[in-house]
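Take the given structure of chain P and dock chain U to it, following the hints.
Chain residues, written in single-letter form:
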Amino acid sequence: MGSYILRRILQSLLILLGISFLTFVLLYLIPADPARQIAGRSATAQTVENIREQLGLNLPFYQQYFRYLTGLLQGDLGRSYLQKTEVGALIVSRLPATLLLMLGAIVCELIIGLTMGIVAALRRNTAADTSLMVLSFVGVSSPQFVIGILLLYIFAVQLGWFPIGGYGTFQHMVLPSLTLGFLGAGWYSRMMRSSMIDVLRQDFIRTARAKGLKRTQVLFGHALPNALLPIIAMIGIDIGLFMSGIVVVESVFGWPGIGQLAWQAIQRVDIPIIMGVTLVSAFAIVLGNFIADLIAPFIDPRIKLR
Amino acid sequence: MKRALLAGAAALLAATALTPAQADDIKQGGTMVVTYKDDVSTLDPAIGYDWQNWSMIKSLFDGLMDYEPGTTNLMNDLAEDYTISDDGTVFTFKLREGVKFHNGREMTADDVKYSLERVTNPKTQSPGAGFFGSIKGFDAMAAGDTETLEGVTVVDPYTVKIELSRPDATFLHVMAINFSSVVPKEAVEEWGADFGKHPVGTGAYSLDEWTLGQRLVFNRNEDYWRAGVPKLDQITFEVGQEPIVALLRLQRGEADIPGDGIPPAKFLEVTKDPQYKDLIIEGGQLHTGYVTMNVKMPPFDKLEVRKAVNMAINKDRIVRIINGRAVPANQPLPPTMPGYDNNYTGYPYDPDGAKELLAEAGLADGFQTELYVYNTDPNPRIAQSIQADLAAIGIKAEIKALAQANVIAAGGEPDQAPMIWSGGMAWIADFPDPSNFYGPILGCAGAVKGGWNWSWYCNEELDKQATAADSMTDPAQKAEREEAWRKIFISVMDDAAWAPVFHEQRFTMRSERLGGPDAIFVDPVHIPVNYDYVWAKDVQ
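Keeping their order, the protein sequence lines are chains P and U.
When we follow my numbering, the leftmost residue of the first sequence carries the number 99, and every step to the right adds one.
When we follow my numbering, the leftmost residue of the second sequence carries the number 35, and every step to the right adds one.
These are computed hints drawn from the structure, not numbers from a lab.
Certain hints may be false.
Simulated restraints on C-beta separations [unchecked claim]:
1. U:181 with P:243: 48 to 54 Å
2. U:268 with P:259: 35 to 41 Å
3. U:181 with P:259: 56 to 62 Å
4. P:342 with U:181: 46 to 52 Å
5. P:332 with U:574: 56 to 62 Å
As a list, the in silico SDA-like pairs of lysine to any residue whose alpha-carbon atoms are at most 25 Å apart [claimed, not checked]:
6. U:157 with P:174
7. U:231 with P:132
8. U:434 with U:331
Beta carbons: idealized from backbone N, C-alpha and C, even for Gly.
Chain P with its partners taken away, still in its complex shape (with noise of 0.2 Å):
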């Protein structure tokens, strides 16, 4: 187990040094001169050029990217060239708006996919669960941006039930938290379909119910844990798919986090924020596989770490 975590931890470090140098190869390669950017259209050449020496852009490649490197250890991600400001406190400042996105997410795809995956499960094979799979199908395969306006525009805009985009109140949450988790949502019914069905064909399941034990006894006391298990699991792995889905559903909605951040970035091309965002993404998401596996083996004691 000890070994085990070492050399994920190890693994997980080499996966974000490559990234952070692909990112950085990618962004070096933009025929953009953030220089000129930063100097603006009435600067003269001196002024480019110094402005360039100051940010040490006129270093060779691999000394750019070790000084960022070396920055980086020490916890700087480098000041935004457009803000003015420490990268490392814009990302912190939107942090908080984000992890409560995506817990709100979290929530609405376990309880919408749930509750869809066990009726679908408990009605297999009825028009019920035909239609609950065509719908799962509609949420894996609609883009958000999609989904977001268009509940954007029937709650908010036509029945008024919710605010118009913005970030503050319980009620600014709840539309985009269901854009964010409609994806995911459509994923879990159909795992919680098949993990629900696998399980109610398994022995002690049949045991339960020839002891006696009533029928939703048996459905919430043992066959619903047991049908949990791979689904927790899944979460960790959902970071990733909401690090993407951020960018859409807050620019979407207006909601103040990073995804909003990055976009705002790559329309202005301020590298720095560009490169800081796609490193603490990809970070959460290394993270968020990382945790999965660890508690793999609690959920599912099958399952030995190696």
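The following block gives chain U in isolation, referenced to the frame of chain P:
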């Protein structure tokens, strides 16, 4: 007819400018909510240089000069008075006494000197440093040899003398630009690089709250030196809202001004709705959209070819493509800019004539080329329209739709982009003076690697005329100077360095409860809105 209309609009704009007498009758008080898509990048006047923070900075800070609300007419701001030496190289400003920064300290001539030295110091990395190139000692400062500007002298606490290395007729405009705003040294030093998040100025509003990615709150400066200004007690800027969402919120009464304007997708729907007729405001802006032709890349080195392109483009159709949010252009200067030539008609739309010109140039069978364009709507659609027009005279232009930075980078190379559609990138004047439409984008100084003169047009004779025009600093020479600039821009058209396409109009919307002359909602200088003069109807 169109020209007459424009002239009329300009006159109307001037007539509706807020006169002080009117302003005094308006009661102060009330609040408004302005929405924006992007978070505000910075409120440091030495750094901020975008559409969104431009007017915010003007509300938080003051410079020596400013413009009458809703117009392009200069007026004194922190300068109570000024004198210009006969040779046009020494500007002496007398400062207003008793003006206080938001931190309570009185503003003096030392602050003016400090602010100018800060913005020109390369360490500040100001995108506006280049505007101060005519101040004596600027070059030494730019080279990093010194930290003081030789030309700026504090005569007494309320007098500052600025010597220039050459006569500069645009210098009063330079003193009105955001980069010249007066900042207090102690606050800049306290916050360092974060001054842009903790701005302290002498302006009509002060920053009360800034929650990154969510909102900024401006409070009225109770001690503001200009009596009766500003009108509102508080302005809340809500950021992170897509223009469509902003419009919906305005329609529901939750927001008062969509800062990014009316989204193109909703433009026709909203403008045709009688309900909003009185709430939509149209204004000119100091903008020209044009096609550059790189005179260093054959066949655009031939005058006939450049003229042919000018005659091939159907500008009316392009204006229709953007739902009439522009007026066709025939010269580089926009109609609201001094020096605009009302009698010039430009090249006619004449595909047959264009074909003949191509034949004269020995290209009767046409040629292949590339048209670079910023890849954000509506620019690719405009480029397609130009592409079709060029195809009609035998020029096969391949469209290269790229990110903004990439197009700008391609334009700054001598041999990369034969043609560029400037939409979304250039050119909006930094200040309302014709010289700002020449040097960087048509003069030899801009025709350098990384420059903005994407036609690489360099006419030394015109450069000389431009320098001569900018040496006419005597206010009595105003008309003569305008005439000189008018001639320069018509000469540019004779050489057909660009194909000017249109001048964008701005459309914005305000909620029913906001008052104020239309001109301040589409202010040509306090872009996008002159917040200081907006008032609330519910407190009158």
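Now for the hints, and whether the structure bears them out:
Against the hinted window of 48 to 54 Å, the Cβ-Cβ separation of residue 181 (chain U) and residue 243 (chain P) comes to about 50 Å, which satisfies the hint. For residue 268 (chain U) and residue 259 (chain P), the Cβ-Cβ distance of about 29 Å falls outside the hinted range of 35 to 41 Å, so the restraint is violated. As the Cβ distance of residue 181 (chain U) to residue 259 (chain P) is approximately 60 Å, the hint placing it in 56 to 62 Å holds. One distance hint, 46 to 52 Å for the beta-carbon pair residue 342 (chain P) and residue 181 (chain U), holds here, with the actual separation near 48 Å.
Checked against the given bound of 56 to 62 Å, the beta carbons of residue 332 (chain P) and residue 574 (chain U), roughly 60 Å apart, stay inside it. At roughly 21 Å between alpha-carbon atoms, residue 157 (chain U) and residue 174 (chain P) fall within 25 Å of each other, so this suggested pair holds. Taking the CA atoms of residue 231 (chain U) and residue 132 (chain P), the gap is near 21 Å; set against the 25 Å cutoff, the hint holds. Under the criterion of a C-alpha separation no larger than 25 Å, the hint pairing residue 434 (chain U) with residue 331 (chain U) is consistent with the structure, at around 17 Å.
Violated hint for the displayed structure: number 2, the only one.
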